[in-house]
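Novice: Keeping their order, the protein sequence lines are chains A and Z. Yeah, the first sequence ends on 258 if you go by numbering that gives the first Met the number 0, and it's all consecutive. Yeah, the second sequence ends on 356 if you go by numbering that gives the first Met the number 0, and it's all consecutive.
Quick caveat, the hints were computed from the structure, so don't treat them as lab data. Treat the hints with caution; some may be incorrect.
Listed next, the in silico DMTMM-like pairs over lysine to aspartate or glutamate satisfying Cα-Cα at most 25 Å (straight line) [claimed, not checked]:
| # | chain 1 | residue 1 | chain 2 | residue 2 |
| --- | --- | --- | --- | --- |
| 1 | Z | Lys247 | A | Glu166 |
| 2 | Z | Lys169 | A | Glu233 |
| 3 | A | Lys2 | A | Glu233 |
| 4 | Z | Lys247 | A | Asp78 |
| 5 | Z | Lys253 | A | Asp103 |
| 6 | Z | Lys247 | A | Asp76 |
| 7 | Z | Lys253 | A | Glu126 |
| 8 | Z | Lys247 | A | Asp168 |
| 9 | Z | Lys253 | A | Asp8 |
| 10 | Z | Lys253 | A | Glu233 |
| 11 | A | Lys64 | A | Glu120 |
| 12 | A | Lys115 | Z | Glu72 |
| 13 | Z | Lys247 | A | Asp8 |
| 14 | A | Lys195 | Z | Glu103 |
| 15 | A | Lys114 | Z | Asp323 |
| 16 | Z | Lys253 | A | Glu27 |
| 17 | Z | Lys253 | A | Glu62 |
| 18 | Z | Lys253 | A | Glu120 |
| 19 | Z | Lys247 | A | Glu233 |
| 20 | Z | Lys253 | A | Asp71 |
| 21 | Z | Lys247 | A | Asp180 |
| 22 | Z | Lys253 | A | Glu54 |
| 23 | A | Lys114 | Z | Glu103 |
| 24 | Z | Lys230 | A | Glu233 |
| 25 | A | Lys115 | A | Asp78 |
| 26 | Z | Lys253 | A | Asp122 |
| 27 | A | Lys2 | Z | Asp177 |
| 28 | Z | Lys247 | A | Glu62 |
| 29 | Z | Lys230 | A | Asp103 |
| 30 | A | Lys64 | Z | Asp79 |
| 31 | Z | Lys230 | A | Glu120 |
Just so it is clear, the structure is predicted and the values come from calculations on it, not from any experiment.
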Amino acid sequence: MAKRIDVSDLNIYYGNFRAVEGVTVSIEPRSVTALIGPSGCGKSTFLRSLNRMHEVLPGARVEGKVVMDGQDLYGADVDPVDVRRQIGMVFQRPNPFPTMSIYDNVAAGLRLNNKKMKKSELDDLVERSLRGANLWNEVKDRLDRPGSGLSGGQQQRLCIARAIAVEPDVLLMDEPCSALDPISTLAIEDLMTELKDKYTIVIVTHNMQQAARVSEQTGFFNLNGVGQPGRLIEFNPTEKIFSNPDERATEDYISGRFG
Amino acid sequence: MSQTTAAPPDAPAPTGIPRAGRLPRWAPYACFAAGAGAAVLLGLLTSLNPATFVIYTVVLGTIALYVASRRVEGSRRAIDRLVTCLVVSAFGIAMVPLISLVIEVLSQGLERLDGEFFSSSLVGVVGEGGGAYHALMGTLIVTGLTTLISVPIGLMTAIYLVEYGTGRLKRSITFMVDVMTGIPSIVAGLFAYALFASFLGPGIRLGIVGAVALSVLMIPVVVRSAEEVLKLVPNELREASYALGVPKWRTIVKVVIPTAIAGLGTGITLAIARVVGETAPLLVTVGITNATNFDPFDGRMATLPVYAYYQLTQPGVPPQFAIDRAWTAALLLIILVMGLNLVARLISRFFAPKTGR
Chain A
0 MAKRIDVSDL NIYYGNFRAV EGVTVSIEPR SVTALIGPSG CGKSTFLRSL
50 NRMHEVLPGA RVEGKVVMDG QDLYGADVDP VDVRRQIGMV FQRPNPFPTM
100 SIYDNVAAGL RLNNKKMKKS ELDDLVERSL RGANLWNEVK DRLDRPGSGL
150 SGGQQQRLCI ARAIAVEPDV LLMDEPCSAL DPISTLAIED LMTELKDKYT
200 IVIVTHNMQQ AARVSEQTGF FNLNGVGQPG RLIEFNPTEK IFSNPDERAT
250 EDYISGRFG
Chain Z
0 MSQTTAAPPD APAPTGIPRA GRLPRWAPYA CFAAGAGAAV LLGLLTSLNP
50 ATFVIYTVVL GTIALYVASR RVEGSRRAID RLVTCLVVSA FGIAMVPLIS
100 LVIEVLSQGL ERLDGEFFSS SLVGVVGEGG GAYHALMGTL IVTGLTTLIS
150 VPIGLMTAIY LVEYGTGRLK RSITFMVDVM TGIPSIVAGL FAYALFASFL
200 GPGIRLGIVG AVALSVLMIP VVVRSAEEVL KLVPNELREA SYALGVPKWR
250 TIVKVVIPTA IAGLGTGITL AIARVVGETA PLLVTVGITN ATNFDPFDGR
300 MATLPVYAYY QLTQPGVPPQ FAIDRAWTAA LLLIILVMGL NLVARLISRF
350 FAPKTGR
């Protein structure tokens, strides 16, 4: 079910401001693709444009093509709601629904979409998703408690469980570990390694070690200056990026000699 | 500051921080007791009633405390104590009207707060007895209808403003709501009267007309409070829902509103409390009657504020019985408003998202 995504010549705008310019890239299925780069260079914006979350902001729009297994996600007849059902997303800050229990949070994707399901099937799905997110053993005795009562790392794994419960083809993660301690980070990195057997994963991270640890492909974004659009400078296998990058800017950024 | 040093108390602190003296904890009480004593002495010279006694005590006690503190603790602490006294006095002054109002209404109104007041109307009542059953029912019916009209319109307007509205339309609606908030209540009443009079002829008095008039006053309050509460719902929750492939309207119904339900309930309840005591618009739209009328679409109705108004201005002979009924109606109104405020607090406590810690 994992699918490949081909992006060609993508320009992303906030109103009249061009935030990202001319990105062309192919994201492989069943692998982890990491996006690195300095703050404000458009990594998150690019990530959000992959499941059409970018356009929920007022004035935001996109030019170019994003094709998932032959289907143009920005085609005129494509409903963004359907795109988001196939491409899940995990955000920087854990955001479980505060009015719902742990169980309901995981089931939210189905409940909110009014999918009818037998109680036993739903129970199975919730357990499978929580096991998939390595959270089951910690919460199995308190599924009816509010999700906001969990620790930050547990909340983030709850959000991952919620995202994989709708069985998407692709999982986008926007700095999923930036608010977490090293142990929770390790748990989520292990999780990514397991999940990539079934999903295409794209992760934005500020942590270069994390990109080196978890990803097969790495893209480096950069911008020439304040007010300039961000660009994809280099996209290569992770080993190559971190040992022998093609571009000078990539090497400078990775070795810390930036700017 | 006593347990820190073994050094003699008059020696400079080892850190070089200058040491100031402190008044003992009982000093403020002593100062105000002295102020009270001085006030009594003053009272021997002039006439003294409880109000002037309290004023003398507060003024003299504040001066005494300031002077004592300035001598012992220095000017900064003295000013601190002075301002503390001023703030507490201001609070006391603000409480005077509230407390005296409650005491007055209780003392005048409790007498007639009996079974008859709740069970009978004014049909055939001359002089003693009678009640406000018809007015209480009228208030409940008119306010209920008002809520029924205002809450859907107000909530949907707020949802439009927060979730959908952009640009000029949003700005102009916000502006209109602001203007509506400031409409004098009698103008709302005249508007509703004129509206219905143009269909049903002049002199029309119906419960529904009153409900429309009160809605004109209540809708902007509901919009404003609901808008503030909906804005407080974190955008991350909306995005989390969108990212699960949930359409926008379902996100609003199932995520945004449940998250904000406590604040919405509180705002609506307070908006009801705001209009339940309105008199002027009901005077011109609903009128008054002595009999019980449950039908807001047929004939005049009595409502508590208008009832109190007419009992006071047209009491009959002897007047005392009607004036007593007016006070009791006023007390009943205060109880209603306080009850609604209590309900609002309970709503915000019980519906707030649980943290589970």
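Novice: Determine for every hint whether it applies to the structure shown.
Specialist: Status of each hint after checking the structure:
Proximity of Z:Lys247 to A:Glu166 is assessed by CA-CA distance (about 20 Å); at most 25 Å being required, the pair is judged to hold. Restraint check for Z:Lys169 and A:Glu233: the C-alpha separation of about 44 Å exceeds 25 Å, so the hint is violated. Pair hint A:Lys2 plus A:Glu233 holds up; C-alpha atoms about 22 Å apart against a cutoff of 25 Å. Proposed proximity of Z:Lys247 and A:Asp78 is supported: the alpha carbons are some 12 Å apart, at most 25 Å.
Between Z:Lys253 and A:Asp103 the CA atoms are separated by roughly 12 Å; this keeps the pair inside 25 Å, and the hint holds. A threshold of 25 Å between alpha carbons decides the hint, and for Z:Lys247 with A:Asp76 the separation of about 18 Å falls inside it, so the pair holds. For the suggested pair Z:Lys253 and A:Glu126, the alpha carbons sit about 23 Å apart, so the restraint of at most 25 Å is met. For the hint linking Z:Lys247 to A:Asp168, the alpha-carbon distance of about 22 Å falls within 25 Å, and the restraint holds.
A distance of roughly 37 Å separates the Cα atoms of Z:Lys253 and A:Asp8; the hinted pair therefore is violated under the 25 Å criterion. With a CA separation close to 42 Å, the supplied pair Z:Lys253 and A:Glu233 exceeds the 25 Å bound. For a cut-off of 25 Å, the pair hint linking A:Lys64 to A:Glu120 is broken: about 38 Å separates their Cα positions. Annotation: proposed proximity of A:Lys115 to Z:Glu72 is violated, straight-line Cα distance about 74 Å (limit 25 Å).
Restraint check: the Cα-Cα separation between Z:Lys247 and A:Asp8 comes to about 29 Å, which exceeds 25 Å; the hinted pair is violated. With a C-alpha separation of about 75 Å, the suggested pair A:Lys195 and Z:Glu103 falls outside the 25 Å cut-off, and the hint is violated. For the proposed pair A:Lys114 and Z:Asp323, the alpha carbon gap of about 62 Å is over 25 Å, so the pair is violated. Between the alpha carbons of Z:Lys253 and A:Glu27 the distance comes to roughly 35 Å, so the proposed pair goes past 25 Å and is violated.
About 32 Å separates the Cα atoms of Z:Lys253 and A:Glu62, which puts this hinted pair outside 25 Å; it is violated. Proximity of Z:Lys253 to A:Glu120 is assessed by CA-CA distance (about 22 Å); at most 25 Å being required, the pair is judged to hold. With a C-alpha separation of about 36 Å, the suggested pairing of Z:Lys247 with A:Glu233 is violated against the 25 Å cut-off. Restraint check for Z:Lys253 and A:Asp71: the C-alpha separation of about 30 Å exceeds 25 Å, so the hint is violated.
In summary, the hint linking Z:Lys247 to A:Asp180 is not supported, as the alpha carbons are separated by about 34 Å, beyond the 25 Å threshold. Between Z:Lys253 and A:Glu54 the alpha-carbon distance is near 21 Å, which keeps this suggested pair within the 25 Å criterion. Between A:Lys114 and Z:Glu103 the CA atoms are separated by roughly 60 Å; this puts the pair beyond 25 Å, and the hint is violated. Our distance criterion of 25 Å between C-alpha atoms is broken by Z:Lys230 and A:Glu233, whose separation comes to about 40 Å.
For a cut-off of 25 Å, the pair hint linking A:Lys115 to A:Asp78 stands: about 22 Å separates their Cα positions. Straight-line distance between C-alpha atoms of Z:Lys253 and A:Asp122 comes to about 21 Å, which keeps the hinted pair within the 25 Å bound. Taking the CA atoms of A:Lys2 and Z:Asp177, the gap is about 52 Å. The hint is violated against a cut of 25 Å. The suggested pairing of Z:Lys247 with A:Glu62 holds, with an alpha-carbon distance near 23 Å, which does not exceed 25 Å.
With a C-alpha separation of about 24 Å, the suggested pair Z:Lys230 and A:Asp103 falls inside the 25 Å cut-off, and the hint holds. Proximity of A:Lys64 to Z:Asp79 is assessed by CA-CA distance (about 67 Å); at most 25 Å being required, the pair is judged violated. Distance restraint check for Z:Lys230 and A:Glu120: the Cα-Cα separation of roughly 37 Å exceeds the 25 Å cut-off, and the hinted pair is therefore not satisfied.
Of the numbered hints stated above, those contradicted by the structure are hints 2, 9, 10, 11, 12, 13, 14, 15, 16, 17, 19, 20, 21, 23, 24, 27, 30, 31, listed in ascending order.
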